[in-house]
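Position in the sequence shown (from 1) plus 387 gives the number in the working numbering.
It is possible that some hints are incorrect.
[To be verified] Okay, derived cross-link-like pairs now, DSS-like style, lysine-lysine, Cα gap no bigger than 27 Å in a straight line:
| hint | residue 1 | residue 2 |
| --- | --- | --- |
| 1 | K546 | K573 |
| 2 | K443 | K591 |
| 3 | K591 | K511 |
| 4 | K511 | K443 |
| 5 | K573 | K511 |
| 6 | K443 | K573 |
If you're looking for bench data, these hints aren't it; they were derived computationally from the structure.
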Amino acid sequence: MAKKGMNYFDAFIQGVEFGCQAAALLRDCFAQYDPEQLPQRMEEMHRIEHAADEMKHGMMQSLLREFLPPIEREDIMELANTIDDVTDSIEDVLLRLYMFNITRLRPDVQAFAEVIVRLCAALKQMAGEMHNFRRSTQIRELVIEINHLEEEGDRLYSKAVRQLYAGQEDPVAVMAWTTLYDHLEKCCDRCEDVADVAERVIMKNT
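Input sequences plus hints: build the corresponding full structure.
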């Protein structure tokens, strides 16, 4: 019996699930922030990120052998890469907390984490519909929801940076927190990138 090839749509779901795990870990880290526990949290996050990379590399290897993939090869590659970027961007936030030796969080970061968790959940729903992308009526609604959540992240970013510059006199702290807010906002952008790529793939393949 011939070996069955990779189910790329299932792989998309698993890839997004790694992003969901990373987002949940970030939220938990923020909710019970302890700088002494940060190295352990980073190890947990890196295990998730490494598993996501392994999944992506497996997809690339399968594509090399695939005679007739369900959608264009470059579309699978672009989706796989943008999905992996979500997990990478979340890991980058923890890395910056460690690099900048952040001992106490500003109160607005928890709202960012909640938005990122919601974005990843919406992406997982969307990924679950991709196998039926030619007939699904939910994908477009989920893309709109993801766009709205990304806009919520933009508003949080603008407000957080404004409050930072209005109330913080230490230039080193301002630099560190500006960079952290940039990376939190980038997490939201990377989620929207997945939705944008999925939308283009659907239009191209229908």
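Unsatisfied constraints (hint numbers, rising):
none
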